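Engineer: Listed below are the residues making up each chain.
Number of protein chains: 2
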Amino acid sequence: MRKKVRVFAPASIANMGCGFDVMGLALDEVGDILEMTATDGEGISILNETRVPLPSDIEQNVITRVIRKFFAMTGLQAQIDVRVCQKIYPGSGIGSSAASSAAAAYGMNELFGGPLSEEEVVICAMEGENLASGGYHADNAAPAVMGGIILIRGYEPLDLIQLPVPGNFYCAMVHPGIVVSTKEARQILPKEVPLHDAIRQWGNVGGLVAGLYSGNIGLIGRAMQDYIAEPHRKQFIPGFDELRAKLLDAGAMAMNISGSGPSVFALTDRREIAQKASEILLAHFNGRGIEAETYVVKVSNKGAKLLAQ
Amino acid sequence: MRKKVRVFAPASIANMGCGFDVMGLALDEVGDILEMTATDGEGISILNETRVPLPSDIEQNVITRVIRKFFAMTGLQAQIDVRVCQKIYPGSGIGSSAASSAAAAYGMNELFGGPLSEEEVVICAMEGENLASGGYHADNAAPAVMGGIILIRGYEPLDLIQLPVPGNFYCAMVHPGIVVSTKEARQILPKEVPLHDAIRQWGNVGGLVAGLYSGNIGLIGRAMQDYIAEPHRKQFIPGFDELRAKLLDAGAMAMNISGSGPSVFALTDRREIAQKASEILLAHFNGRGIEAETYVVKVSNKGAKLLAQ
Chain H
2 MRKKVRVFAP
12 ASIANMGCGF
22 DVMGLALDEV
32 GDILEMTATD
42 GEGISILNET
52 RVPLPSDIEQ
62 NVITRVIRKF
72 FAMTGLQAQI
82 DVRVCQKIYP
92 GSGIGSSAAS
102 SAAAAYGMNE
112 LFGGPLSEEE
122 VVICAMEGEN
132 LASGGYHADN
142 AAPAVMGGII
152 LIRGYEPLDL
162 IQLPVPGNFY
172 CAMVHPGIVV
182 STKEARQILP
192 KEVPLHDAIR
202 QWGNVGGLVA
212 GLYSGNIGLI
222 GRAMQDYIAE
232 PHRKQFIPGF
242 DELRAKLLDA
252 GAMAMNISGS
262 GPSVFALTDR
272 REIAQKASEI
282 LLAHFNGRGI
292 EAETYVVKVS
302 NKGAKLLAQ
Chain F
2 MRKKVRVFAP
12 ASIANMGCGF
22 DVMGLALDEV
32 GDILEMTATD
42 GEGISILNET
52 RVPLPSDIEQ
62 NVITRVIRKF
72 FAMTGLQAQI
82 DVRVCQKIYP
92 GSGIGSSAAS
102 SAAAAYGMNE
112 LFGGPLSEEE
122 VVICAMEGEN
132 LASGGYHADN
142 AAPAVMGGII
152 LIRGYEPLDL
162 IQLPVPGNFY
172 CAMVHPGIVV
182 STKEARQILP
192 KEVPLHDAIR
202 QWGNVGGLVA
212 GLYSGNIGLI
222 GRAMQDYIAE
232 PHRKQFIPGF
242 DELRAKLLDA
252 GAMAMNISGS
262 GPSVFALTDR
272 REIAQKASEI
282 LLAHFNGRGI
292 EAETYVVKVS
302 NKGAKLLAQ
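First to last, the sequence lines map onto chains H and F. First residue of the first sequence? That's 2 in my numbering, and the numbers climb one at a time after it. First residue of the second sequence? That's 2 in my numbering, and the numbers climb one at a time after it.
The following block holds chain H by itself, in its conformation from the complex (with noise of 0.2 Å):
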């Protein structure tokens, strides 16, 4: 045999605010992209094309677990040779690791006919959110498959949930040059919350999947506001409020960090907002002495998927 596919899987905006661990958003154009071949024998080889430095050792790749995962899920074997020709920064908190993770899953099951569900996908890709975080997460890598506004309602078993997608729904989104470990972001966080604010979050929580089946864009930005995460996270990004501030006086209808950080994105219904809104977020860093690189991006409806060759 020999069989080869070229595919995409999109970056994504865990948590969305309120939906802190339960929530995710796929974006469109920015992603990752693979070559993946297939043939005779039994092996994983993975060529980086791009400037991005990944691990020298395969087995910490997220890519190689993917991999493996998608054996030991169907029984098939196979050698697999992968290019790496496009890659999110690691670290970036646009869920840089789902990227990969996702198009290597999708990839595999697009090489062996399909045998794989759409959420058995996502599974095989939460291997490689293990490797990279630690822990099974769907957050980055469900939407990044799945395309869209996803929901993880629960994980045992995993049920997501595909959520609307607004017609216009913009996102002005800014990388700054700021190291904050995914880690550290997660150890941070109280083991315990108050009652009252994981109340007001779930109001939150309920506000937010309102707002997008209804398509009521004040109350999805009144309801993305995170009471849990956000008041302990926000320290590692220099200027939050006064840079939140900003961004909803220029029309924007949230501001939020994007999964654990350092990125954090504006949300709005106009494009022309968001264009604003990615100016502010350049000068904000820029002001400060931070490098910084800025999208302005469509929520997207297609998650991961073949390009041509």
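For the record, the hints were derived by calculation from the structure and aren't laboratory data. It should be emphasised that the depicted structure is a prediction, and the values quoted were computed from it without experimental measurement. Please note: incorrect hints may appear among the correct ones.
Each pair may be met inside one copy or between any two copies, as identical chains are not told apart.
[As the list claims (entries may be wrong)] Using 25 Å as the maximum straight-line C-alpha spacing, the simulated DMTMM-like pairs for lysine to aspartate or glutamate come out as follows:
id, residue 1, residue 2
1, K184, D198
2, K4, E243
3, K192, E231
4, K192, E273
Starting from the known structure of chain H, arrange chain F on it as the hints suggest.
Structural biologist: This is chain F only, laid out in the frame that chain H set:
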């Protein structure tokens, strides 16, 4: 002046499992009926024509507080004479104080030509809840006024969201002859909750709202599980876990405590299952030597309303 209205406000179920303190639904048919008369002057009288015991000091009756709140909100004044014609038994856990408060607030607004918006009527009714439970809760008061299923996204400011009610949504409910004090049921809850449980809870709240919008009965049932209050409160209800198992076996999609109890309810999309569930509920408590009253009702889209005089 002399004006008279006859008003109904329904019983309600607070929490709906996972939606602890943020969700409630209104029930058809069961509820309070008040006759309210406004004449020139200043003062309040309450005549109890039911066999349900009410406080002899009218300052301890929620109706009085609601009437005073209405006058404070509107700057109006009059003599108000109230006849309580039908009353849910207090302490039943199906929103007895909220039904009186909602009927009083709605009735006052009707007597004076509707100076308050629907949301303001809820705020007025919440004054009665504050007397009854020492807090400005809306999880019974809002559905009792507005009908249907209400999400209280937040309190600062009050943000009420009317959620869709699936077409067939039956409730089998039991009020067992056990006394559970709302105060004790609240005090038994921890002030802090494990982050892990809080996350599972807001995954479920998101899932429940998604299930209501999409009419996905299976999802609604899976999502209603309460990880926060139920583990502490179920001890007040003899044989709770066994009862749930029997109801789910009979096809109910969920069973939960109504508010802080002792009433419990089962939800289903089929009337015959609701009927069967009500028999199971009755037999369960009677078999333990506990008297119980059961109801089979639809979830109502109509809250407080005028009745013919």
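Engineer: All hints, please: hold or fail.
Structural biologist: Hints and how they fare:
1. Taking the closest pair of Cα atoms, K184 and D198 come within 25 Å of each other both inside a single copy (23 Å) and across two copies (20 Å).
2. With identical chains, the CA atoms of K4 and E243 are never at most 25 Å apart, being 52 Å at best within one copy and 55 Å at best between copies.
3. Taking the shortest alpha-carbon separations for K192 and E231, both the intra-copy value of 15 Å and the inter-copy value of 20 Å come in at or below 25 Å.
4. Neither within a single protomer nor between protomers do K192 and E273 lie at most 25 Å apart by alpha-carbon distance, with minima of 41 Å and 45 Å respectively.
Figure legend: structure checked against the earlier numbered hints; hints not met, in rising order: 2, 4.
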